[in-house]
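Make a model of the complete structure from these sequences and hints.
What follows is each chain in one-letter form.
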Amino acid sequence: MATPAPRAATGNMATFNILHGFPEALVRGMRSSFLADSDYHHLTQCENLDDFRLNLSETDYSEGIQDNAGLTPTSLQSAAVEKLVTEFQYLRTQAIEPLSTFLDFITYEYMIENVMLLLKGSLSGRDINELIAQCHPLGMFKESTMRSIPTFESNAKGYSDLYQTVLVDTPVGPYFSQFLQESSDRFGDSRNVLEEVEIEIIKSSLIKYWIEDFAQFVDKLGGETKQIMGDLLKVRADTNAINITLNSFGTPLNEPAMRASDRKRLYPAVGHLYPAGTSMLADVADEDELGRVLELFPQYSAIWNIHAGGSGDKSIDDAFYERDVQQLELAFEGQMHFATFYAYVKLKEQEIRNLVWISECILQQQKDEINKFVPVFSMNAPWRAKKTR
Amino acid sequence: ASGTNATGETYPTMVKWFRSEEMEYISLIVNQDAAHDCLADLGRLGVIQFTDLNPDLTPFQRRFVSYVKRCDELERKLRYFAGECDKFNLTLESAGDVDTFLENAAASGAAAGSTKDQTGAQLLETLETELEGYENQLKELNSYSEKLTTEYNEKVELQEVLEKARRFFMTDAPRLAVSEMTTGGPESSGAGNDKAEGLLGPEDAPGAARDMDMRFSSITGVVATEEKARFERMIFRATRGNCYVRFAPIKQPITDPSSGELIEKCVFIVFYKSVSIETKLKKICDAFDAHRYSLPDMDDAPAVDRMLTENAQELVDSRTVLLKNQDTRFRLCQMLARHTERWTWIVVREKAIYHSLNMFKSDVSGMLRGEGWVVSDSAAEVREAITRAHSSMDSNMPSHIEQVPKPWPTPPTHFTTNKFTYGYQEFVNTYGIPRYREANPALFTAATFPFLFGVMYGDIGHGLFLFCAGIYLLWNEKANDKAKLGEMAAGLHSGRYMIVMMGFFAVYAGFIYNDMFSLGLNLFGSRWVFDGQYNGEVEEGAVAVQTAEYASAESVYPFGLDPMWHVTSNELLFFNSFKMKLSVIFGICQMFAGTCLKGLNAIYFKQKLDFLFEFLPMVAFASSLFVYMIVLIFMKWTINWNSRMLSATCLEPNGDGWGSEDYKECIDGQCGVWVQCEGQGNGLCTPWGYDCTDQSTTADKCPLNFGGSGDGCQPPNLITSLINIALQPGNVDEPMYYGQAGIQNILLLIAFASVPILLLAKPYFLSKQHQSTVHHHAHDDEEHGEAEEDDDHGFGEIVIHQAIETIEFVLGMVSNTASYLRLWALSLAHSELATVFWEKAMISTLNINWFAAFIGYGIFAGVTFGVLLMMDVLECFLHALRLHWVEFQNKFFAADGVRFAPYSFKQIIDDGSA
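Protein chains in written order, with this note's numbering: chain A, 1 to 389; chain B, 1 to 914.
Be careful, since some hints might not be right.
What the hints assert, rightly or not - Cut-off 20 angstroms, straight-line C-alpha distance, at most; resulting in silico cross-link-like pairs (SDA-like, lysine to any residue):
(1) A:K142 to B:E232
(2) A:K142 to B:E22
(3) B:K283 to A:D127
(4) B:K69 to A:I65
Calculated from the structure, these hints are not laboratory results.
If you want it as structure tokens, here you go:
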């Protein structure tokens, strides 16, 4: 690091622990709460969800599920997320600047997702209580704020009202205003895009702004945090860019006119692909072309090949998850930087995904599908198994 | 050794505490139907520890998992009950003593045994239906209560809204309307702006303009006070300020129906003018969960009044219903609070039974086989319990209990403790569980720990405080036993006897040191007097003289040290010398005792090699150097140095000192006889008749002939003498007895010789033993090459282990002896601190005036309490602990045992409620 940040306490072996030693120790202690290989093994052997619950009662999840008589994948997920949120809030209360802002940044993603979920849900006319129940607890606003979000019309005027009345008070307000600014710059208020697509575009834009903002913040922190968290965010940005491109095929977004004007704007302005890769991605029209572009980036060509290989065994999402887990594990094992906290949240999220997957498979008696999950800190993970052999 | 116990011989408690209880590994085969009853009886006895015979099965693959699940479900219900009771601030009533609970359960079980066969399953079933009923009842009542509360809240809120609105329209609204009329046109489009001005404008004469307020529509309702500001802001933003909002707080907080919490709320009224704003406002109200209430025409005063009275009537009705519901709920919870703990205990007990049964294996159908450790003394009880359980099933079903043929796995360690010994045993267990049947250091710790604490803490006053604290804990023993104590208080409670003992020994050592708050007590009258002491004319540097003849019975202070030492200038020198010697003596005694325990263990376990080549060399080494040191210390104390030194002093015959009674040396069988010399020297004589010359040395003048420069007439410096045993063998400068040099050489040789024996002998004999066994097998074992490699490896380990042991013992004896000097150091620190506090806080302020003394006493008391009664107690405690854990226990204690964890209901229930 050539120029140390003025308050270089965030990625510096000598000073990190003065301010952030305790939260880091806490999060490191939570390492032992991850399910072990043997736990996963036992869980996958279960015949029904009662057994599943009994097995979980031997793990750290026991308290969350002990009063949960009829376990379902949904109730399991909410209990597990609840546990994660409790832990996260505890960390948050123990954190001081700049770690507290860092932790807040983690929650912004969930806030964006919640806002979009509410907007989308109101489009299809779903009940507000049902929608709120689906929201991620990490990204919760006050209940009154949550309830007022879907009351606005879903057009440009409605969104700007939404921003001015409700979202301006929330941490994700700036991203929204950035979006409104940019869209009015482009085509004024008159343009009418298909609503469903519009929602996806809003979401992608907000996430893009979030990633850029986050990356900027991390950059300012400097030190190890800048290196490790910066890398995590770059990969995250690339994943988003690839996914946006991939998902745009067969939608109006892939029309030549919109590729440059709209799709390109959704690519985050950070990442390994930026700017050369993203400008190439902007011209891509179908999967083959996308494959040819990714061929140039070795770290993504492997993942793309899994998708292109089409063995059906693994989707590109699975491949991304696997790569993420590997990277997050490394970030978690590192010390004296903030990425540990991010990695903890994301890895726990993966674990919850695994639990839900296994419980779903048990419920639907899909025994042969049951092992398709990405265990966290597993000794059998491909990148570890290779080493030992 | 196991045979002695089988005869039913009962040992005294002390002996039983010395070695852990004998264990038997038994296997029991019980009938499946009787299994539950058997285990219920065994759990009450609490003397058996089951081994898991199905370690490869996961919890849900086990036999009785469904029962465990049912117990879990019952526990969930009970937790729900407890939570509900907590909402009413009801504390769960204690189900009484665990012992009586278990006995009652047994009695009822036995009584019921004849009538119903499957007590266990049936018990669960009845409990299940009972609790299920209560749970449903409670849930129903709760949901009903929620509904009623919502209704009631609506009424309350409407009442408030009506009242507040009426007041608003009667006072504020007319003013508003008037001001508006004066400032702007009635049909003006910018109504909002006008109104804002109107609000700011002067309040003119009141008067009603009916047509004005009709142009504004209004929404009234209730919103949580917490949300008020955000609500107002949101309305302002959504309507761009084109509305007018007023709030009025509701005094009484309103109960939230679902959570039961009290929430502060306030009434709001919003005036607006357009329909589009109305929809926006409605949406905002929905978002904020604000209930809207539509108002009647406010101008129609009678209608409003009628509505108010009607609503008030309904309010009273709904309140009665709600209270009735609450009362029913309360009474149900009261009933539940009475029983919940007892139910919990029953469920916990049942769960423990099924957990244990899950460890059983069913080899033969209908039968279950379990294995486990039983305290030998209680094996008969176990047998009896199982036969009883089977016989009550009124069918001759077989049950087998037999000892599993040896070899057994490592038996667990169990001590039967009482409330006195419990604390000390835990003390040792914290360091490590004693190996099965090895000498238990706790037995000795019970005496030596408080004693060594006392040596360090020795002060009558401070010790008395500690003693009283301990007595207070004993006084409250019964109450504390039952009460649920905090961590700190529970720790003190379990150490209550230890605290009493520590206080007692601190007082005892205080009497020995004659030290009370740093002052000496002149209880028996000092045996020393200063010149002019009784006239109050003692001068600086005056010398004290003994009141009785030196070494006579009267010259000895009856108990402890003479108080006069506290006022002498060599006080510190004297106390330090005394306490240091005392520390070393206690230390070596304790370590030697520890070494002897090693010998006892070797004999008990019949380890011949350990006894001959570890214990004996250790004893030889320890006694030749360290026990000898004690001997020297005592010898120096017992010799009358006054007399001996006098015998080597040159005096003028018939001078002042000639013929003194102090001279007591015996020469040629005659003691204390003064012999006049021939006067061939410089005219001076020693008491035994030697002619002094100017060149004569102490050795010349001394009548004794022990060698060295002192020749026995000069008190030796013990430290130098001891160091010189090793540094200058054969050369004793100031001997105390004849032939000291020779004896010391022999001792040194013994010490040196014992080290190689300790280091080499055991490994040598072990390898020899091993070789002979290997040779036996060598003929028929083809793969012995590999085996030999393993053996070499093992032998190397043995040698290294032995080397470590040797080094630790030899170096440890030296460093541990030095470590015991902490007894002196802490005692010194204690007395010096007490002195400083007394002198600086009390003495100095006493001389100023009464107020300073008042303050000074406060400081003295505070510091004495904080530093000496709290910190120093802790410090001395920790150091005494260290002396036991390190210096004493490392001489013999293996501490690699496994704790006996019996299957006992009492234990399980206690753990559960803690």
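Checked hints:
1. A:K142 to B:E232: 15 angstroms, holds
2. A:K142 to B:E22: Outside the cut-off at roughly 65 angstroms; violated.
3. B:K283 to A:D127: 14 angstroms, holds
4. B:K69 to A:I65: With Cα atoms ~13 angstroms apart, B:K69 and A:I65 stay inside 20 angstroms; holds.
In terms of the numbered hints stated before, the structure departs from hint 2 and from no other.
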